Amino acid sequence: MNELDHFLEAADQPERYGAGIKAGGTPVLGYLCSYAPEEIIHAAGVHPLRLFGTLESTLHADSHLQAYCCSLARGVLETALDGTLEFLDGAVFPHTCDTIQRLSDIWRLNTPFDFFADVVHPVRLDAGFAREYLEDTLQRFKRELEAWSGSKIDDAALARSIETFNTARKRLDDLYRMRSRDPGCISGSRVSSIVKASMILNRDELPGRLSRLLEEIESGRYRTGATDDRKRLLVAGSLCDHPDFYSMVENLGGVVVWDDLCTGSRAFDGFIDPSGDPVKAIARRYFERRPCPSKHLSNTARAEALASMAEEHGVQGIIFFLLKFCDPHAFDYPYLKEYLEAKNIPVTLIEVEDSLPPEGQLTTRLETFIYTL
Amino acid sequence: MTDDKKTRGIQSPPIAMDAKMKEIMTGYYIEAKTAADSGKQVAWITSGGPVEPLIAMDIIPVYPENHGAMIGASKMGGALCEQAEAMGYSGDLCSYARSDIASSVTNGGPIGGLPRPDMLVACNNICGTVMKWYEVLARYFDVPLFIFDTPMCHTDYHEESKRYVKQQVLEYVAFLEQVTGKKLDYDRMDHVGKLSLEGQRYWQAVLDTAASRPSPLTAFDGFYHLALIVTLRGTQVAVDYYRDLLAEMKDRVAKGIGAVPNEHYRLLWDNLPIWYRLKWLSNKFAAHDAALVADTYNTAWCRSLRYIEDGNFLDSMAEGYTRMYLNIGVDQMADTIIEMAEKYSVDGLVMHSNRSCKPYSFGQYDIQRMVRERLGIPCLLIESHMVDERSFSEAQTETRIDAFMELIRNRA
Ligand code: SF4
Ligand code: SF4
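Chain order of the listed sequences is A and B. The first sequence maps to residues 10 to 382 in the numbering used here. The second sequence maps to residues 275 to 686 in the numbering used here.
For reference, chain B alone in the conformation it holds in the complex (with noise of 0.2 Å):
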């Protein structure tokens, strides 16, 4: 490798809105940390989770995986996944569970910890984990659960579980009701619908612009950019912001920026981030001239706007929630990659073997299968925690995506 090559890749112009995302960030977490001096509530929720109703009743919906994916940009998670160790927790488990459960009984962590829940929200939308997890957190903070169950579609969503799982709309806003003492406004659940809708749209918008060449931002960018859409969905914050990343992307696509100066080659990231490899991972690439133009995860939060009607968000919600990415069959995974590597012409897939997470790495095997099968192209997988930063090897990695790299270049 030239010494040009090492250097390039790794300085386009940053992001102007990087700056209003860590403002935003820092006055949420302010608010979320002084509720309650203010009197408001806080609830701890799932990342998936159905968190309009929380916000139509002034609820501050706190977010351990965002605060998870915070610990393990911070590298923190490694110290934090021990001490839940010797709390008896398991290493093989969920290293958002084991980082939160441990930053619940410390309050370590970048921030010092989240501030305590006055209520607490599990959807198994993502998986089974999340119920033990907050089981767990229920019974530490001896405050109520709602277990929001929202069965998996391996091939449908069949009639029962749309019963079952409107029967659980209900059941969740009286619960909110009763939790807070105060009736739901449906006027303001319906304004937040909307809101929730049309902020998921410019977000799927700006995972668009990726589309183009070069692409005006990398996966990488996405998951910085993505905190808005999981702790804000549903606020007129969230909207705005995206609205303005959007123009940002679109400006950048009219001047021909690109994320990574000198694109040529053009991948599909599956799984989770590894928070604590963020940027050398993005560097890695980058030096090979390799842009991450689009991933399963960042897309995650607007797979809902397909099933959501406009103006009926609170009965929709159920299909848009139960049919969310990691609650369907292995084959309908594969095929939404597939559509993806196809909308943003990739080159290749590098799929994120992710220890943490069961239910979004097993069938990353057949799902690769069936991508080289119909695409023919190149396959990388890369095995880690996703904040537990003793799980990765650097040198293994490096030596695959150079592996990996050589294959593609060898193909174009």
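Next comes chain A alone, as it looks inside the complex (with noise of 0.2 Å):
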């Protein structure tokens, strides 16, 4: 098997990966952001398992949410009450929108995993104090996972994971920055799955199954075949578990080579400093990595950030890939759309209810964004 192929299964089935962890032994608490500190339930001997969800029929979810909830909160739902989670130990909710607080109170209410926590991150990043605060909540956390396991998170095995996490974040970056350089060594749906399958894979390994894959891509078998002239593009937003979504583009004479997406590379951005006190240094990493919009750094940090990465991977082009009802990201948008475009950049708006929009709507805006970049 070739490693790429343990990663496409793995995104492809998180969770019948994720049962497989459990069945070994380990036990597995599920998280929907990338706030959630992997790191410190890893530490723990713990999997932390990123859920993502169904967009399949949500009878279940639809009788605790209403149809104005994004597809991703609704959809991970389902998949705790419908048994599909059976195997979870429980479950972790950083503080993040507001549907994602009200999810955690239906969650606790509703699900019958054993372990449940909030952790409840400072929405300020602008404040010296916000930073002891999330110390403080982090230390919480692991009090309340130390009480459920039994057993103490030492500094050690904290630092061994910090080490892992950080090798493994860096992998990643590299893979990105890999593409960004030949948008044609590996198709962006395969770099999608990558990066989801890394919050799904056995940590421990990962850090060694990205550096076969990246050899894997180095040495050509993954290439597209794609030129390039296409037209540079960048995706943001807060996920896109939409591979076809990929293809799309290339097909269109696109090709993704940068993102600014949860599950893309606002999940690896950032490094934990190995030196000195390890929840500290975990607790930095989140004032330091881009923010999401749930967060204020200040009023013009996204943007700039947007902006940059632009300019950095010479971006001619970005999409916003929006899920329908996702708040944060809709009061963004019109600003960000008015900052991109002084500065040259030009911007499009996919909103996304649960399956992409029809094939043919959303074709022809492709085509046409990208034609005229």
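Keep in mind that the hints were calculated from the coordinates and are not lab data. Everything numeric in this text was worked out from a predicted model, so none of it was measured. Backbone N, C-alpha and C define an ideal beta-carbon position, used for all residues, glycine too. There may be inaccurate statements among the hints.
[Claimed, not checked] The calculated BS3-like cross-link candidates involving lysine-lysine, where the alpha carbons are at most 30 Å apart (straight line), are:
no., chain 1, residue 1, chain 2, residue 2
1, A, Lys289, B, Lys457
2, B, Lys436, A, Lys289
3, B, Lys436, A, Lys161
4, A, Lys333, B, Lys349
[As the list claims (entries may be wrong)] With beta-carbon atoms standing in for the labels, derived distance ranges:
no., chain 1, residue 1, chain 2, residue 2, range
5, A, Glu153, B, Glu647, 36 to 46 Å
6, A, Glu297, B, Pro288, 52 to 62 Å
7, B, Glu433, A, Ser158, 16 to 26 Å
8, A, Ser158, B, Asn586, 50 to 60 Å
Two chains, two frames, a set of hints: combine them into the complex.
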């Protein structure tokens, strides 16, 4: 089996993979967003599994969430209620948007899992004392995990986890850079599956797997035949769990060279300082990585970050891939569009309910956008 | 339905204080709109934000949410929301935010827009929307923004949250001192804190009178009289007003005057009002001899009473403002509703499933279930966007209200 196949398989069937880990004797905790302190979970000897939910029917979730709730929250709740996540030991809810905040309550009140924790991150990233608050919050989470698992999480275990995650994140960054330099080296849908899988696979094995995968890619065996005249694009939004979207872009003469997604570069952005107090260092990364729109660093931080990513990677256009009913992203969009267009970076918006918009409509939209670049 | 039933229920004696409210609010908006002439600064602040330090520093607080309510009540929300959509804001966003953003740019709405802010204060104890919304305003007006971050208390108010919020109280005062170039007078702050508490106590007492049968006021009356506890909390004007309103309510109780003349059924309302349909809804229920005697929105401004200490306002407001109704878990919200349902002896629960407000609305299905299980009373769900009248379906709502009332009648 190629290394790539491990990634594709995990991305395709995260729950099956998670159940396998559990069957092997490791407890599994689910989480929904990149603000979950995976390092602490991992150091407790627990497997952190990112939850992606389902895009199929959501019968069970529909009796807890109104129709105007985003498909991510709805889909994840569905898998918790319909038995798909039966193997799970519990879940961790970092505070982000209003929807997740209420999903956390609904989850706590309606699911049968053993462990549950809210990690109420600060919303402000612009105040020094918010860092102390986050450190204290992570310490609380650590204590809760310890009480549940019955064993202490010592600094040495945390240091090992930090090292593991730093290495894996670095390799993902390498992968992204490789693709940015040579966009034909592997298809966009495969890259998206690889990052997704990195939130599913056994983390101890992840750095090694990523190294081997990078070698496979370098060997040229996943080349797409794409030429250099493709339009270089960046995708921005919360998450994009639609591999077809990348193929569509490629068929229309474009190629995604970077992203600002919660299931993309925002998940591996930022490095944890391995020296000093580990929890402090973990907290610090959240202040240094690129923020999600549910956090406040400054009024213009996200626009500046997008513009600088676009510049660094020679991006010719940005596609905002937004989930319908996602408030934080929807609030930012008009300003980001204005800011980026003023810098001569064209922008387009694709709003996704659960499935992608009808193919004809989507193709026309993307085609027109790519053509005008 | 007989003719008699159609007409009755909509003619109880008006509340005398209505006129006074109008007068005070007019004066308040005139003062705010002419702030520049009188050399005063204006702060836009969220409805659940810590306003008392502003009052103590002579800054005029202006509430886009109160403005939103006026926009909704004058049925101008649809057009403004549409303008916001044309600016790129999704039609699924909070309609207060959409109408306010549009009116900031166009000076639209019933009073020709709000006075330009000198500063912005957003407290996320009600939602994350306000932070995103105020970021938009801060860029547009290019004025300083203070974000008061009150960590969500899903189950508890933790020590670390307490420290974090208290640090922000100090930082907030420093922010205001910097923007105004003045020092906060702590004696004055104490006084304002006292007035704030006094006003809240009177307002709660006013709402408490609804426990009498018949109830002298409905939640719909409350939505109108609420304006001062939002906008003028911490002033003598609000204290006097609610003291007088309380006297009037007590008098109505003594004389047996009900807000709904043939009050037969008593209901509890959840979520924000549907501002453009207040009268319609109120008449609709009254025609069924039903009075909405209590609600979760009007009381939200008194919730901090249990945490704020007399004589120690600035320090204890950290907890008061953090443990707001929307900043707690769904189960605690359900407990609150059940407590109120018992206190006001209600026969049913009417929930506004408000597309504008996810933190208020998600979880309603669960609350509904808990209420049914624990109290066995019927629940009704009405969906809308609170100030975007385009989202409201009259025919559907009417049918559902009729069916709901039928259910209640059959139980009685
Ligand atoms: S950030 Fe957006 S996509 Fe993510 S859970 Fe919240 S509303 Fe849904
Ligand atoms: S209506 Fe809800 S979402 Fe809108 S500002 Fe108020 S609390 Fe926030």
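Each hint, compared with the structure:
no.: 1; hint: A:Lys289 to B:Lys457; verdict: 35 Å, violated
no.: 2; hint: B:Lys436 to A:Lys289; verdict: 19 Å, holds
no.: 3; hint: B:Lys436 to A:Lys161; verdict: 26 Å, holds
no.: 4; hint: A:Lys333 to B:Lys349; verdict: 26 Å, holds
no.: 5; hint: A:Glu153 to B:Glu647: 36 to 46 Å; verdict: 29 Å, violated
no.: 6; hint: A:Glu297 to B:Pro288: 52 to 62 Å; verdict: 60 Å, holds
no.: 7; hint: B:Glu433 to A:Ser158: 16 to 26 Å; verdict: 23 Å, holds
no.: 8; hint: A:Ser158 to B:Asn586: 50 to 60 Å; verdict: 41 Å, violated
Hint compliance for this structure: hints 1, 5, 8 are not met, and every other hint is.
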